[in-house]
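Colleague: The lines below spell out each chain.
There are 2 protein chains.
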Amino acid sequence: MTSLIEIAKQAKQATTGLAKATTANKNDALHLIAQELIKQQDAILHGNQKDLDSAVEKGISASVIDRIRLTPERIETMAQALHELVELDDPIRKTLDDWKRPNGLQITKIAVPIGVIGIIYEARPNVTVDAASLCLKTGNAVILRGSSSAIHSNTILVKVIQDALAKSELPTHSVQLIEDTSRATAEKMFRLNEYLDVLIPRGSKQLIDTVVEKSSVPVLETGAGNCHLYIDQTANVEMAIEIAINAKTQRPSVCNAIETILVERGWFEKNGEQLVRALIEKDVTVRGDELVLAQNNDLELATEDDWHMEYLDTTVSMKIVDDVHQAIEHINRYGTHHSEAIISEDQNNVVSFLNQVDAACVYHNASTRFTDGFEFGFGAEIGISTQKLHARGPMGLEALTSTKYVLYGDGQIK
Amino acid sequence: MTSLIEIAKQAKQATTGLAKATTANKNDALHLIAQELIKQQDAILHGNQKDLDSAVEKGISASVIDRIRLTPERIETMAQALHELVELDDPIRKTLDDWKRPNGLQITKIAVPIGVIGIIYEARPNVTVDAASLCLKTGNAVILRGSSSAIHSNTILVKVIQDALAKSELPTHSVQLIEDTSRATAEKMFRLNEYLDVLIPRGSKQLIDTVVEKSSVPVLETGAGNCHLYIDQTANVEMAIEIAINAKTQRPSVCNAIETILVERGWFEKNGEQLVRALIEKDVTVRGDELVLAQNNDLELATEDDWHMEYLDTTVSMKIVDDVHQAIEHINRYGTHHSEAIISEDQNNVVSFLNQVDAACVYHNASTRFTDGFEFGFGAEIGISTQKLHARGPMGLEALTSTKYVLYGDGQIK
Numbered sequence: 001m002t003s004l005i006e007i008a009k010q011a012k013q014a015t016t017g018l019a020k021a022t023t024a025n026k027n028d029a030l031h032l033i034a035q036e037l038i039k040q041q042d043a044i045l046h047g048n049q050k051d052l053d054s055a056v057e058k059g060i061s062a063s064v065i066d067r068i069r070l071t072p073e074r075i076e077t078m079a080q081a082l083h084e085l086v087e088l089d090d091p092i093r094k095t096l097d098d099w100k101r102p103n104g105l106q107i108t109k110i111a112v113p114i115g116v117i118g119i120i121y122e123a124r125p126n127v128t129v130d131a132a133s134l135c136l137k138t139g140n141a142v143i144l145r146g147s148s149s150a151i152h153s154n155t156i157l158v159k160v161i162q163d164a165l166a167k168s169e170l171p172t173h174s175v176q177l178i179e180d181t182s183r184a185t186a187e188k189m190f191r192l193n194e195y196l197d198v199l200i201p202r203g204s205k206q207l208i209d210t211v212v213e214k215s216s217v218p219v220l221e222t223g224a225g226n227c228h229l230y231i232d233q234t235a236n237v238e239m240a241i242e243i244a245i246n247a248k249t250q251r252p253s254v255c256n257a258i259e260t261i262l263v264e265r266g267w268f269e270k271n272g273e274q275l276v277r278a279l280i281e282k283d284v285t286v287r288g289d290e291l292v293l294a295q296n297n298d299l300e301l302a303t304e305d306d307w308h309m310e311y312l313d314t315t316v317s318m319k320i321v322d323d324v325h326q327a328i329e330h331i332n333r334y335g336t337h338h339s340e341a342i343i344s345e346d347q348n349n350v351v352s353f354l355n356q357v358d359a360a361c362v363y364h365n366a367s368t369r370f371t372d373g374f375e376f377g378f379g380a381e382i383g384i385s386t387q388k389l390h391a392r393g394p395m396g397l398e399a400l401t402s403t404k405y406v407l408y409g410d411g412q413i414k
Numbered sequence: 001m002t003s004l005i006e007i008a009k010q011a012k013q014a015t016t017g018l019a020k021a022t023t024a025n026k027n028d029a030l031h032l033i034a035q036e037l038i039k040q041q042d043a044i045l046h047g048n049q050k051d052l053d054s055a056v057e058k059g060i061s062a063s064v065i066d067r068i069r070l071t072p073e074r075i076e077t078m079a080q081a082l083h084e085l086v087e088l089d090d091p092i093r094k095t096l097d098d099w100k101r102p103n104g105l106q107i108t109k110i111a112v113p114i115g116v117i118g119i120i121y122e123a124r125p126n127v128t129v130d131a132a133s134l135c136l137k138t139g140n141a142v143i144l145r146g147s148s149s150a151i152h153s154n155t156i157l158v159k160v161i162q163d164a165l166a167k168s169e170l171p172t173h174s175v176q177l178i179e180d181t182s183r184a185t186a187e188k189m190f191r192l193n194e195y196l197d198v199l200i201p202r203g204s205k206q207l208i209d210t211v212v213e214k215s216s217v218p219v220l221e222t223g224a225g226n227c228h229l230y231i232d233q234t235a236n237v238e239m240a241i242e243i244a245i246n247a248k249t250q251r252p253s254v255c256n257a258i259e260t261i262l263v264e265r266g267w268f269e270k271n272g273e274q275l276v277r278a279l280i281e282k283d284v285t286v287r288g289d290e291l292v293l294a295q296n297n298d299l300e301l302a303t304e305d306d307w308h309m310e311y312l313d314t315t316v317s318m319k320i321v322d323d324v325h326q327a328i329e330h331i332n333r334y335g336t337h338h339s340e341a342i343i344s345e346d347q348n349n350v351v352s353f354l355n356q357v358d359a360a361c362v363y364h365n366a367s368t369r370f371t372d373g374f375e376f377g378f379g380a381e382i383g384i385s386t387q388k389l390h391a392r393g394p395m396g397l398e399a400l401t402s403t404k405y406v407l408y409g410d411g412q413i414k
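Read top to bottom, the protein sequences are chains R and U.
Under my numbering, the residues of the first sequence are numbered 1 to 414, in order.
Under my numbering, the residues of the second sequence are numbered 1 to 414, in order.
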C-alpha cells in the first residue's frame, strides 16, 4: 500500500504533465476511461460484490447497500457521463480579463487548474469516477479518499482509471486512491498543505463539519440546506401552492428541498387552509406555529427546534409573518444560506427579499429545487457550495479552476 | 470591554444594514471618516504617544517604533486614501453573468458583500483605517484584531471611525476592534465560523502560518514571496541586467522582490561576469552555485538552504541551468507561487515558462516588482494572495466580494 505522503508527492508531480495537457489530451483520456470501464466491467462487479458481501455481514441497512451496489446499467451510466463531459467547454486557459497599463505592461488573467484536489466522500462508488473525471477535465490531479464500505469497488475503479490513463497522454498518477481508510490517515490529509491545494468533503453534515473544523488545507464546503419558501400577501394562490408542494415533495431528501414555509398573515387568513390541505393530501406532515394551529387545530405545534431543522423528509414547518421584512429576518436567522424563494406580485417586496436575504440562490416565483449544476446549465456539478469564498451555489467545472496573471513587458522596471 | 462574542453578534447584525446600503451611503461614510480623522487628530496623536512610550519602555527596536508612529502627515495620508477610495467603482450589485434556461428561468449572478471579515494584523496602525475602509466600500462588516503594541492607537482610530459612522447611514458596528489582544482571544476568533465569513491575516509569515494552521474559519492567505528571475539563452543583456537589479534592489524587503536568479548556461558564459559585477556594484551580495563560482571565485557558495530563502534583504542566490525546463522545475520546486519572470526573446521558451510555472503572476521581460494592486490598476489592495482559491495575486475590492444567484421565474417547478 502506497503511503499517503508518497501519493501526495506523485499527485504534485502529475500536475506538471497536467499543466501541459491540451483539451484533446484530456478528452481522449475521458473517452479511454469510459471504454475501460466497460471492458473491465466483470472485475468491477467482482470488487463491488466483496463490498456488498461485507455490508450484508455487518448488517448494514438495505438503503445504504443499494448506494454501494454497482450494476452493468450503473457502469454504463458512468461511462455515458464521461462521454457527456467531453462535450463540455474546457475552462482551462480561457482569458478572463485583459488590459494594458500606462507603462505598456499587458496584463492577462487566465483560468488555470487548481493543482491537487483532495476529495473525502462516503459510500457511493460512482462518486469515484464522477469526481475524478471532473478533476481531469479541469487539469487537476486528484487524491480520493472514499469510505471503507466501498473500498474494493473504489480500488478496482481507480485501477481501471489508471489503466486508461496509462494509455493516454495524461500522467497515470493524476488520479489516486488512498486505500488506507483509517481515520488517522484522513486526519493526516487535513494537514497536507504542502501538497494539497483544496479539500472537498462530500457526504453527511457530520463529515463536512469534521473536515471544516480540522483541516488546515483550504476547504470547499458543500453544506446543509435549511431552505424556505415565503408566500407574500400578493402571491398567486395556485402558483404558491404548486411551488410549495414541488419544493417540499418532489425529492424531500435533498438539500434544495424546503423545510419551512413562511406565510404573510393576510394571505394565510384567506388561503391558509387550502395550502395546508393541499400539503396534507401529498402526505406532508405540517408543523405550524400557534397562529397556524388557530386555524388548523389538528396539526402539530412547531417549536424553536423546528426552525433549525433540515428534515430531509416529508415534514414541513409553517410560520405566519407580518410582512416580507419579518420573513427576511427569520430566514437570515435560521437559514443555511442555500436557497430561498419568495412568491409575490409586489415588486418592492420582491426586491427587498432578493437583495436582503443572504443565500447562494434567491428565487422569485420559482421552486428552490433548481439549485443544481445541471439545472443551471453547467453540464456538471462537483457540489453546491454554501460558503462565501471562491464559489457559492452550484459548482460546475469553473469552480475547479484557479487563475493566473500573465504579464507581458518590454523591459519594464519599477 | 465588549466580549468577543458580543462583537461578533453586533458585526453580524450590521451586515443587514450594510446589505441595504447604496454606493452613496458607503462613499458618504468614507468621506465622514476622513473628516473625523483630521478633526480628532490631537486625540489620535495622544493615543499613539502612549503606544510609543510603552514601546520605548519595552526596548522595542527603532524600526518597529517608526512603524507604530503616527504624525499629522501620516494622518493626512490616511484621510487622502479614503477620498481616493470613494472614487473607485463600487463592485457590489454588479451583474457578473446573466442567462436564461429553456424552462424560462432567468439566472443572474451578482456580486454581494462577503459578510463579516476578520482581520488579524501587526504593528502598523494605518492598517486599521486602510482595512476598515476597504471592507466598508465593499459592504462588509469588519472585526479588527491588531497587536498589543498599537492598542492605544487602534482604540482611538476605531472610536474615530465609529463616530463618523454614527453620522452616516451605515451601522456603527460595521467596524469594531477587539481590544483584548491576548492570544486566547485570537484563538477564539479562529473558531467563530457562525459569525465570521473569512479571516485575513496580515503580517509576518509566522502569524499567517498560525492562522492557516489553527483557523476553521476560511482564510485568505497572503504569503511569502520566494520569487525568481530566469535569464534565458536569448535574453537581451541590457534588459536582463536592468531587470535583475530592479527586481532585487528597488525595495528588497518586500514580497515581490526576487531572491534567486537562474541563468541559462550559454548566456552566463558570455554575460555572467557583467551581471554579477553590476549586482555587486549595487551592494548586492551574490551567492552562486559551483558553476557561478567557477567564473567568479570571490563569491559565497549557495547551499540548498539558499534556494528556499526569502532573504528580504540585498542578498541574491544565483544558479546556472541548462534550459528553460530546468528553470521551470527549480521554480516549481522552491518557489512560493508568487511572482516569477523570464527574460527571453525565444517565443517557445516564453510560452513554456508562462504556461508551466505555477505562480499567481508570471512575467515576460518585466520586473516582478509590479505584483501590486496599485500597479495592476485596482486602485486599492487588501494583500497579495498566494493561495489558489477565491483570489490569487494582488487582491483589490473584488476579492472582498462574494456572489449570489438571483433567479426570476413565473411559477417554474421541477
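By construction, these hints were calculated from the structure, which means they are not laboratory data.
Heads up, a few of these hints could be off.
[Unchecked claim] Taking lysine-lysine pairs in the DSS-like style, the calculated list, with each CA pair at most 30 angstroms apart, reads:
{"no.": "1", "chain 1": "R", "residue 1": "Lys94", "chain 2": "U", "residue 2": "Lys214"}
{"no.": "2", "chain 1": "R", "residue 1": "Lys282", "chain 2": "U", "residue 2": "Lys39"}
{"no.": "3", "chain 1": "R", "residue 1": "Lys205", "chain 2": "U", "residue 2": "Lys9"}
{"no.": "4", "chain 1": "U", "residue 1": "Lys94", "chain 2": "R", "residue 2": "Lys214"}
{"no.": "5", "chain 1": "R", "residue 1": "Lys205", "chain 2": "U", "residue 2": "Lys58"}
{"no.": "6", "chain 1": "U", "residue 1": "Lys282", "chain 2": "U", "residue 2": "Lys58"}
{"no.": "7", "chain 1": "U", "residue 1": "Lys188", "chain 2": "U", "residue 2": "Lys205"}
{"no.": "8", "chain 1": "R", "residue 1": "Lys94", "chain 2": "U", "residue 2": "Lys100"}
{"no.": "9", "chain 1": "R", "residue 1": "Lys109", "chain 2": "U", "residue 2": "Lys109"}
{"no.": "10", "chain 1": "R", "residue 1": "Lys58", "chain 2": "R", "residue 2": "Lys167"}
{"no.": "11", "chain 1": "U", "residue 1": "Lys205", "chain 2": "R", "residue 2": "Lys9"}
{"no.": "12", "chain 1": "R", "residue 1": "Lys205", "chain 2": "U", "residue 2": "Lys205"}
{"no.": "13", "chain 1": "R", "residue 1": "Lys205", "chain 2": "U", "residue 2": "Lys159"}
[Said to hold, decoys possible] Which residues of chain U face chain R? A partial, calculated answer using Cβ under 8 angstroms:
{"no.": "14", "residue": "Ile107"}
{"no.": "15", "residue": "Thr234"}
{"no.": "16", "residue": "Val237"}
{"no.": "17", "residue": "Ile241"}
{"no.": "18", "residue": "Glu310"}
{"no.": "19", "residue": "Tyr311"}
{"no.": "20", "residue": "Ala360"}
{"no.": "21", "residue": "Phe374"}
{"no.": "22", "residue": "Gly379"}
Beta carbons are placed, not taken as given, at the ideal position from N, Cα and C, and that holds for glycine.
Colleague: Run every hint past the structure and note whether it holds.
Modeller: To see whether the hints hold, each was checked on the structure:
1. Lys94/R <-> Lys214/U: 35 angstroms, violated
2. Lys282/R <-> Lys39/U: Not satisfied, since the Cα-Cα distance of roughly 66 angstroms exceeds 30 angstroms.
3. Lys205/R <-> Lys9/U: Roughly 24 angstroms separates the two Cα atoms, so the pair holds.
4. Lys94/U <-> Lys214/R: 35 angstroms, violated
5. Lys205/R <-> Lys58/U: 49 angstroms, violated
6. Lys282/U <-> Lys58/U: Since the Cα atoms of Lys282/U and Lys58/U sit roughly 36 angstroms apart, the hinted pair is violated (cutoff 30 angstroms).
7. Lys188/U <-> Lys205/U: Given that 30 angstroms is the threshold and the Cα spacing comes to 20 angstroms, the pair holds.
8. Lys94/R <-> Lys100/U: Judged against 30 angstroms, a Cα distance of about 22 angstroms means the pair holds.
9. Lys109/R <-> Lys109/U: Cα-Cα ~20 angstroms, so holds.
10. Lys58/R <-> Lys167/R: 38 angstroms, violated
11. Lys205/U <-> Lys9/R: 24 angstroms, holds
12. Lys205/R <-> Lys205/U: 33 angstroms, violated
13. Lys205/R <-> Lys159/U: Between Lys205/R and Lys159/U the Cα gap is close to 41 angstroms, so the pair fails against 30 angstroms, i.e. violated.
14. Ile107: 6 angstroms, holds
15. Thr234: Because about 14 angstroms separates Thr234/U from the closest Cβ in chain R, which is outside the 8 angstroms limit, the hint is violated.
16. Val237: Not OK, violated: Val237/U not within 8 angstroms of chain R, min 12 angstroms.
17. Ile241: 11 angstroms, violated
18. Glu310: With Cβ-Cβ at 16 angstroms, over 8 angstroms, it is violated.
19. Tyr311: Status violated, d = 18 angstroms.
20. Ala360: With a minimum Cβ separation of about 6 angstroms from chain R (threshold 8 angstroms), the hint on Ala360/U holds.
21. Phe374: 11 angstroms, violated
22. Gly379: 13 angstroms, violated
Going down the numbered hints, you'll see the structure goes against 1, 2, 4, 5, 6, 10, 12, 13, 15, 16, 17, 18, 19, 21 and 22, while the others check out.
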